[in-house]
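Asker: In this text, residue positions in the sequence shown follow my numbering: the first is 150, and each later residue adds one.
Be aware that one or more of the hints could be misleading.
Calculated pairs, DSS-like style, for lysine-lysine (alpha carbon to alpha carbon, straight line, at most 25 Å) [unchecked claim]:
#, residue 1, residue 2
1, K828, K616
2, K596, K627
3, K403, K661
4, K828, K596
5, K388, K403
6, K457, K446
7, K661, K716
8, K596, K750
Simulated restraints on C-beta separations [claimed, not checked]:
#, residue 1, residue 2, range
9, L918, K596, 54 to 64 Å
10, E928, Y504, 54 to 64 Å
11, D547, E488, 26 to 36 Å
It is worth saying that the hints were derived from the structure and are not from the lab.
Don't be surprised by glycine CBs; every beta carbon is placed ideally from N, CA and C.
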Amino acid sequence: MTSSPQKVHEFHSATSLKPLLGFWRKRVAPACNYMAEMLKTFEAQMAQIPALSGDIEDSRVLEQHSQLVNPLMAVVFPSSTWESEIAGAVTPLENRPFFYTPNFKRILMNEEGLLRGTFKQPEQDVDRFRRLRAFWFILDKIYGIGQGRSTPVIKTVSDPSTGVDRFYRILPDWQFLEVETQGEPQPLSPEDRLRILDNIDNPDMLARLIAPQQFTFRGFIVIRAVDVTESEVFLDLEKDLIDQASIFCSAGMKRLQGRLQTLLGRPELRAGMGALQGDQVWVISDEEHSEVNCIFKNSKHIPLSELKGSIWLRAVAKGQMIVIPDLSQENELCRSEREVLNAGMRSFLIAPLFYQGNIIGTFYIMSPKPNDFTAMDTMLIQPIVPLFSVALKRGMDDIHNEVQAIIKEKCTALHSSVEWRFTRAAFSHLERLHQGKPSELEPIVFKNVIPLFGQADIRGSSEARSKSIQADLTEQLKLAEDVMRWVGQVKSWPLIQQYQHRIQNRIDGLAKGMQSGAEAEIGNFLRQEVEPTFEELMRLGPRVVQAIEKYHRATDPVRGIVYKQRKAYESSVALLNDRLSAYLDHEEAEAQREFPHYFEKHKTDGVDYVIYLGASMREDGHFNSFHLQNLVLWQLLLACGMAWHTENVKAQMSVPLETCHLILYNIAPISIRFRYDEKRFDVDGAYDVRQEIIKSRLDKAMVKGGKERLTQPGRISIVYSQSQEAEVMHRHIKYLQAKNYLLRDIESVELEDLPSVRGLKALRIGVNLEAQALAQRVERVALG
Numbered sequence: 150m151t152s153s154p155q156k157v158h159e160f161h162s163a164t165s166l167k168p169l170l171g172f173w174r175k176r177v178a179p180a181c182n183y184m185a186e187m188l189k190t191f192e193a194q195m196a197q198i199p200a201l202s203g204d205i206e207d208s209r210v211l212e213q214h215s216q217l218v219n220p221l222m223a224v225v226f227p228s229s230t231w232e233s234e235i236a237g238a239v240t241p242l243e244n245r246p247f248f249y250t251p252n253f254k255r256i257l258m259n260e261e262g263l264l265r266g267t268f269k270q271p272e273q274d275v276d277r278f279r280r281l282r283a284f285w286f287i288l289d290k291i292y293g294i295g296q297g298r299s300t301p302v303i304k305t306v307s308d309p310s311t312g313v314d315r316f317y318r319i320l321p322d323w324q325f326l327e328v329e330t331q332g333e334p335q336p337l338s339p340e341d342r343l344r345i346l347d348n349i350d351n352p353d354m355l356a357r358l359i360a361p362q363q364f365t366f367r368g369f370i371v372i373r374a375v376d377v378t379e380s381e382v383f384l385d386l387e388k389d390l391i392d393q394a395s396i397f398c399s400a401g402m403k404r405l406q407g408r409l410q411t412l413l414g415r416p417e418l419r420a421g422m423g424a425l426q427g428d429q430v431w432v433i434s435d436e437e438h439s440e441v442n443c444i445f446k447n448s449k450h451i452p453l454s455e456l457k458g459s460i461w462l463r464a465v466a467k468g469q470m471i472v473i474p475d476l477s478q479e480n481e482l483c484r485s486e487r488e489v490l491n492a493g494m495r496s497f498l499i500a501p502l503f504y505q506g507n508i509i510g511t512f513y514i515m516s517p518k519p520n521d522f523t524a525m526d527t528m529l530i531q532p533i534v535p536l537f538s539v540a541l542k543r544g545m546d547d548i549h550n551e552v553q554a555i556i557k558e559k560c561t562a563l564h565s566s567v568e569w570r571f572t573r574a575a576f577s578h579l580e581r582l583h584q585g586k587p588s589e590l591e592p593i594v595f596k597n598v599i600p601l602f603g604q605a606d607i608r609g610s611s612e613a614r615s616k617s618i619q620a621d622l623t624e625q626l627k628l629a630e631d632v633m634r635w636v637g638q639v640k641s642w643p644l645i646q647q648y649q650h651r652i653q654n655r656i657d658g659l660a661k662g663m664q665s666g667a668e669a670e671i672g673n674f675l676r677q678e679v680e681p682t683f684e685e686l687m688r689l690g691p692r693v694v695q696a697i698e699k700y701h702r703a704t705d706p707v708r709g710i711v712y713k714q715r716k717a718y719e720s721s722v723a724l725l726n727d728r729l730s731a732y733l734d735h736e737e738a739e740a741q742r743e744f745p746h747y748f749e750k751h752k753t754d755g756v757d758y759v760i761y762l763g764a765s766m767r768e769d770g771h772f773n774s775f776h777l778q779n780l781v782l783w784q785l786l787l788a789c790g791m792a793w794h795t796e797n798v799k800a801q802m803s804v805p806l807e808t809c810h811l812i813l814y815n816i817a818p819i820s821i822r823f824r825y826d827e828k829r830f831d832v833d834g835a836y837d838v839r840q841e842i843i844k845s846r847l848d849k850a851m852v853k854g855g856k857e858r859l860t861q862p863g864r865i866s867i868v869y870s871q872s873q874e875a876e877v878m879h880r881h882i883k884y885l886q887a888k889n890y891l892l893r894d895i896e897s898v899e900l901e902d903l904p905s906v907r908g909l910k911a912l913r914i915g916v917n918l919e920a921q922a923l924a925q926r927v928e929r930v931a932l933g
């Protein structure tokens with residue numbers, strides 16, 4: 150190999166031992182007389198070898214005179230680290246090795262004697278940094294500008310013995326390099342120096358300010374390499390697993406597997422993950438999958454029951470990393486274990502994956518060699534296990550978000566108690582699509598559930614609303630009549646007389662009661678016929694103007710109608726509804742914590758709710774009569790609280806309102822089905838429709854043999870059909886009477902037959918609205 154002064158990029162360079170001799174003179178010889186004598190010997194010998202004294206044109210000269218060169222180089226490559234260090238001397242800028250340790254040659258050099266491997270950074274970046282270092286060296290040595298900083302360079306080199314990639318940090322040492330100028334260096338003005346500092350990382354700009362052809366680099370560069378495989382693999386894994394890289398596709402898993410092979414130094418290792426999802430385990434391995442980054446699509450779905458007693462669940466049960474020395478020596482292998490054993494895998498390292506304290510899956514590495522994993526391997530793997538946990542959780546979150554999108558599209562919002570069933574249906578739907586089968590969401594039916602229904606209805610709300618509208622319309626008509634009356638005193642126009650007649654007819658009609666369509670008809674009459682005349686009529690004098698202004702002041706600026714009595718009524722209804730609804734929400738939240746159940750609330754003139762509960766609605770299937778009776782008693786307590794709130798809020802209402810309280814108790818189980826088209830639950834089957842009919846008619850139900858409505862203000866009406874239902878309710882009522890929540894005025898009544906429903910009975914009882922114990926309970930619930 151020749152190494153004469155030549156141009157590399159813009160620069161000239163030459164290999165020389167001159168800087169090394171200068172180092173001996175300045176740093177080594179002054180240290181002791183022995184070293185000074187050695188230097189004299191070296192200088193005398195080199196004077197006799199012209200090929201070593203100047204620029205070294207052929208590196209073979211160094212080998213020929215190794216008896217002289219080796220001691221000279223000993224201050225750079227000490228014998229104490231000669232066998233262990235990865236270090237070498239290379240030609241300036243060209244980086245051709247000419248003196249090196251055994252490890253440098255074994256790891257970093259190819260058969261042609263050149264450096265091998267690739268840089269982790271893009272090649273253009275490496276080239277740029279080489280140029281920058283040369284410019285920085287010139288700026289420092291010639292111009293006294295020492296602002297440049299070297300960027301660490303990482304080189305990827307395959308291990309000669311295993312073929313697995315290793316990472317090395319390359320550390321160049323330029324102290325045995327000198328820069329010489331051809332003639333006087335180009336001077337730099339203050340402006341040039343500022344531009345250099347502003348562009349210290351721009352080699353093209355530096356080349357315009359500094360003439361590189363003026364400079365020659367003479368000497369050699371020392372390169373030392375440090376194995377940083379562990380830290381680099383950790384960084385790469387962190388990028389893959391944390392920075393949203395695509396790891397659940399074929400390329401992603403193979404990339405992860407390659408990094409683990411690099412970390413542990415074994416190319417034959419295989420890796421995988423298992424995600425726990427309900428009653429399945431989703432196994433992600435390096436098998437060929439799609440390039441879509443989806444844990445669901447690119448995993449093998451295995452029933453959890455098939456893995457019972459397996460090595461993977463053993464790690465889950467222990468909650469810590471385990472090593473299986475030889476799978477062939479394990480007893481009673483499950484199917485998945487037999488499959489990997491038949492594929493040639495013998496030893497395993499398995500780590501359970503946790504997220505926020507909850508087990509979410511496993512991560513494992515397999516080897517075809519028995520007893521291949523040691524304690525050192527577990528130490529290397531342990532720090533990256535949390536990264537796999539985060540990545541697996543993110544992948545599961547992505548598929549859960551997809552499932553939620555399906556549920557939202559097909560079902561809108563769902564109650565939390567049944568979301569599990571829809572999630573299971575959505576996963577089954579995706580599973581069928583995954584298998585290439587046509588699919589829709591399966592029917593969602595809950596069988597043998599107990600329905601509980603309750604209501605707090607505002608008594609006479611329709612009549613009160615009608616009266617408020619009637620009063621506002623009457624006032625507005627009378628104001629319009631006043632306008633026409635004042636006009637009639639000024640002008641005897643027959644059309645005005647007709648308007649007076651028509652207005653009076655409507656006032657008289659309202660006095661007899663609100664007829665269907667009267668509100669719309671009167672509103673249209675006033676807006677379209679009466680009010681358009683006001684602009685013309687205002688020309689008839691101040692009395693008419695005052696009457697019209699009074700009309701406008703009385704009307705609501707937004708609605709354009711008189712809105713006084715109706716506003717008072719509607720604000721009272723809203724106040725009461727909000728109070729009852731908020732109280733129901735507090736009560737329901739507490740009941741939901743005690744035993745999860747399906748719950749729906751509706752708010753109109755009052756509030757009503759429906760509860761469904763049963764074993765089929767629980768993911769764990771857990772349900773017994775205790776939970777049912779606890780909720781039935783809760784219904785009575787809830788009704789007491791609602792009656793108390795109604796009484797308590799009356800003073801704040803513009804229009805005093807009363808509520809009637811109703812509970813339908815029916816222990817006969819029904820089935821409910823989710824209607825995808827209507828996005829709601831409904832009873833399933835003709836017989837179960839009876840429950841819906843009863844619910845819809847009860848607030849109008851009459852006591853048999855009279856004209857009395859079942860529901861009465863301040864009282865709770867409990868409707869039932871079977872004697873055992875009455876017995877249960879009597880027991881609950883006696884308890885609440887003992888607590889002083891209920892009055893001792895219980896009634897038993899029969900109800901008039903409803904369409905398609907006969908034989909209903911009811912209990913009625915008053916709420917003790919003055920009971921201190923009841924007030925304390927209601928306030929405690931409000932505080933949560």
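Asker: Now tell me, hint by hint, if it's right for this structure.
Answerer: Evaluated hints:
1. K828 x K616: Distance of about 37 Å is beyond 25 Å: violated.
2. K596 x K627: Violated, at about 60 Å.
3. K403 x K661: It is violated: about 85 Å lies between the C-alpha atoms, which goes past 25 Å.
4. K828 x K596: holds, 19 Å
5. K388 x K403: Holds - the C-alpha atoms of K403 and K388 are around 15 Å apart, at most 25 Å.
6. K457 x K446: holds, 24 Å
7. K661 x K716: holds, 22 Å
8. K596 x K750: The given pair, whose Cα atoms are some 21 Å apart, holds under the 25 Å limit.
9. L918 x K596: 54 to 64 Å: Given a distance of about 41 Å, which is not inside 54 to 64 Å, the answer is violated.
10. E928 x Y504: 54 to 64 Å: violated, 40 Å
11. D547 x E488: 26 to 36 Å: Hint holds: Cβ distance 27 Å, inside 26 to 36 Å.
Checked against the numbered hints listed earlier, the structure breaks hints 1, 2, 3, 9, 10; every other hint is satisfied.
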